[in-house]
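Residue strings, one per chain:
Protein chains: 2
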Amino acid sequence: MAKRKIIMLVSDGLGDRPSARLEHKTPLQAASTPNLDELSVSSSLGLVYPIAPGVTPGSDTSHLALFGLDPYIYYRGRGPFEALGADMDLGPGDLAFRGNFATVDDNFMVLDRRAGRELPEAPDLVSYLNERLKIQGVRVALRHTTEHRFALVIREAGREAEVTDTDPHVTGERILPCKPKNASPESARMAAVVNSITAEAHTLLESHPLNEKRKKDGRQKANAILLRGGGTLSELPGVPVRYSLSAACISGTAVIRGICKALQIETPRVAGVTGDSKTDIKAKARAVIRALDEKDFVFVHFKATDAAGHDKNPELKVTMVEKLDQLVGEIMNGLKGNEVFAVTADHSTPVDLGEHSADPVPLLISAPDVFADGGRFTESAAAFGHIGRLRGLDLMGVLLNQANRVEKFGE
Amino acid sequence: MAKRKIIMLVSDGLGDRPSARLEHKTPLQAASTPNLDELSVSSSLGLVYPIAPGVTPGSDTSHLALFGLDPYIYYRGRGPFEALGADMDLGPGDLAFRGNFATVDDNFMVLDRRAGRELPEAPDLVSYLNERLKIQGVRVALRHTTEHRFALVIREAGREAEVTDTDPHVTGERILPCKPKNASPESARMAAVVNSITAEAHTLLESHPLNEKRKKDGRQKANAILLRGGGTLSELPGVPVRYSLSAACISGTAVIRGICKALQIETPRVAGVTGDSKTDIKAKARAVIRALDEKDFVFVHFKATDAAGHDKNPELKVTMVEKLDQLVGEIMNGLKGNEVFAVTADHSTPVDLGEHSADPVPLLISAPDVFADGGRFTESAAAFGHIGRLRGLDLMGVLLNQANRVEKFGE
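For the record, the sequence lines run as chains A and B. Positions in the first sequence are counted from 1; adding 1400 to them yields the numbering used here. Positions in the second sequence are counted from 1; adding 1400 to them yields the numbering used here.
Some hints could be false.
[Said to hold, decoys possible] In silico lysine-lysine, DSS-like type, Cα no more than 25 Å apart, as pairs:
id, chain 1, residue 1, chain 2, residue 2
1, B, K1723, B, K1712
2, B, K1678, A, K1403
3, B, K1736, B, K1403
4, A, K1678, A, K1712
5, B, K1425, B, K1403
6, B, K1723, B, K1678
7, B, K1682, A, K1808
8, A, K1712, A, K1723
9, A, K1678, A, K1661
10, A, K1712, A, K1661
11, B, K1661, B, K1682
12, A, K1403, B, K1615
13, A, K1808, B, K1534
14, A, K1425, A, K1712
15, B, K1613, B, K1661
16, A, K1736, B, K1808
17, B, K1808, B, K1403
18, A, K1808, B, K1579
19, A, K1808, B, K1808
20, A, K1736, B, K1712
21, A, K1403, A, K1736
22, B, K1678, B, K1661
23, A, K1616, A, K1682
24, B, K1425, B, K1712
Don't read these hints as lab results, they were simulated from the structure.
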């Protein structure tokens, strides 16, 4: 039998719990999802623990697991994926962070972690820091990503370099001193470098004319940077070589694009695919079908379900599930019918919790010869599907098997 | 409660997927299986990943796992099991292969991997090679098994010896040069020895009178040997000691008999038990019941379901499932009713795929005090049975527990 192509669609934070605000339904149960319903009739269902029962995944660790890489082995912080996702180059010993512009007082006490959130000046402030931020003996590079956010890379920090966040993650506390996370000399040196960067950036930003203007306008100064997720890129096995698959990723979300780049998955830019609730569903589906012409494996990421969960907004999450359903329908229209089409999530973001949870996520696998479960695609139906329970690390093997692409172990 | 006896019946390649050629049923679903149906009514059902989700097992690696031995630790190639199954003795440093007689041209290009498949001369050619094949400094022994097949052993190769196949596994390619699979001097030496054997065997066979006659008759010459699965026997824990069980195996299939021998399971020869579709079901069942008089654990292997899957023949697989059902019925007739009787498979061989797959396999456990599922014994029913999902490595423990034979861990 011919090898099949694989589409893996991950809806970020899709999983949920019954919510009193949705008549004790989950957003998946409450939403109108005609396309998923149709797909589900001929699909096997199951639940996936993205990492393990009782482990709440980040999007980064979960995606590593869903691509078959144990995050306990390969994960060294989100920074490197954010930097790659922002199209920065990253060498093996480069130490990368996610960064925020923030507002602090004279004692480095954080008044606003996002400098008022409205920060159209962010690209200019990034350019300014790139020009003026000089730390003895190291090269530092920043790149603006979205809103008040940027990626920051310290070049040639050393492969062992691993340091703590300076971001206290709450307001009303001082910027944290950066500390080494292991005993290597690189980590000790980098902790000192990061602390110098924090101090120097504050000095430079505090007196910047744009901040003077913001102050005059009664807005929060963007007078500090907060860094988190600092790490170097581990040596990651590429998806194409590991699974003998040509592979593409359709996503507008920086960290996901960065993970895919790190795993040698091609990441074409698609106009209109924005990684938020305004993403152009038809453009995204067209990009998937186009990628499927050339590639064996197409990964698609849908972000907006997660954001609605973080916003604790059940109605918005229902709407975003319905948008996901449109994406599924548009993709179905372009398929030939002999593909393996999987829909799942990287973690749950329950609307009543507003954070990621460790709940298992629903999985649907459609292919010409699966054992069909015949129900709707919901968390509860998935709990009783033919697939049973998998761990994230098992998913690629299960999909490759359904695509008739697994090599035999033994004879 | 008294300890029970255990029968483990493995139907090779039994698992399957819904096939359009069987009205979207699997062979197990499509077959008439009155005995399995009757047994199933008082049985617990479940699914087994013989090795792990997404891993396609060979019969050899799977059987190791089903007997509780991790193939990632203990498996070193199929050759040693084939040699043991052919009743050859095997010392700890002996390097064993499976071999085929094949037809090659003057450039060692493989024209037919099975020398026309009809090869009644094979035993004579094996004797001839045993007499005449002389390689400086090593002892080589062959034994004929079935049709065009034999086992070949290089004595005292060294425990570390591990080399690649010379069999290209397809026609139209040259015999592969044998290469070492690890950095040990034994492997390097053995790769050279195997290449000498290949060359010398070709010279000897090319001019053999039987081949001259085959040529005159317009049949393919058996003028080369192809070797695969080369390895030494790892130190395997015996089933009887490991589980405090006396044990016997009823099987006509060389590799299975070899694995059982390697695990210290007795392997009586039973007249009529042939390891193919013609096997005498009644003789096999009688042998099982007889063995059960003396042994705590009787392993039974039924081969023909796998062959039908490899042949991509759904009707034949249905017929072989019905033959399996007869075997189950004959065994049931001989039981006292207080045994643990398990029926499962070593892997799936879907009829539409024609190869092993990584799909989980159905498991049935009958015993006086199981939670009965009450359905038929099918892949789909097994997905919703009381047993849930197991891995192959868990099976022996689960059966021993049902037989009231598991010792406590802790107090």
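To see whether the hints hold, each was checked on the structure:
1. B:K1723 x B:K1712: Measuring from Cα to Cα gives roughly 18 Å; hence the hint holds.
2. B:K1678 x A:K1403: violated (33 Å)
3. B:K1736 x B:K1403: holds (14 Å)
4. A:K1678 x A:K1712: holds (19 Å)
5. B:K1425 x B:K1403: Outside the cut-off at roughly 39 Å; violated.
6. B:K1723 x B:K1678: The hint holds at about 10 Å.
7. B:K1682 x A:K1808: Violated, at roughly 33 Å.
8. A:K1712 x A:K1723: Judged against 25 Å, a Cα distance of about 18 Å means the pair holds.
9. A:K1678 x A:K1661: holds (24 Å)
10. A:K1712 x A:K1661: violated (31 Å)
11. B:K1661 x B:K1682: holds (24 Å)
12. A:K1403 x B:K1615: Distance of about 39 Å is beyond 25 Å: violated.
13. A:K1808 x B:K1534: Cα-Cα ~35 Å, so violated.
14. A:K1425 x A:K1712: holds (15 Å)
15. B:K1613 x B:K1661: Since the Cα atoms of B:K1613 and B:K1661 sit roughly 39 Å apart, the hinted pair is violated (cutoff 25 Å).
16. A:K1736 x B:K1808: violated (55 Å)
17. B:K1808 x B:K1403: Holds: B:K1808 and B:K1403 sit about 15 Å apart, inside 25 Å.
18. A:K1808 x B:K1579: holds (21 Å)
19. A:K1808 x B:K1808: Judged against 25 Å, a Cα distance of about 36 Å means the pair is violated.
20. A:K1736 x B:K1712: holds (24 Å)
21. A:K1403 x A:K1736: holds (14 Å)
22. B:K1678 x B:K1661: holds (24 Å)
23. A:K1616 x A:K1682: It is violated: about 44 Å lies between the C-alpha atoms, which goes past 25 Å.
24. B:K1425 x B:K1712: holds (15 Å)
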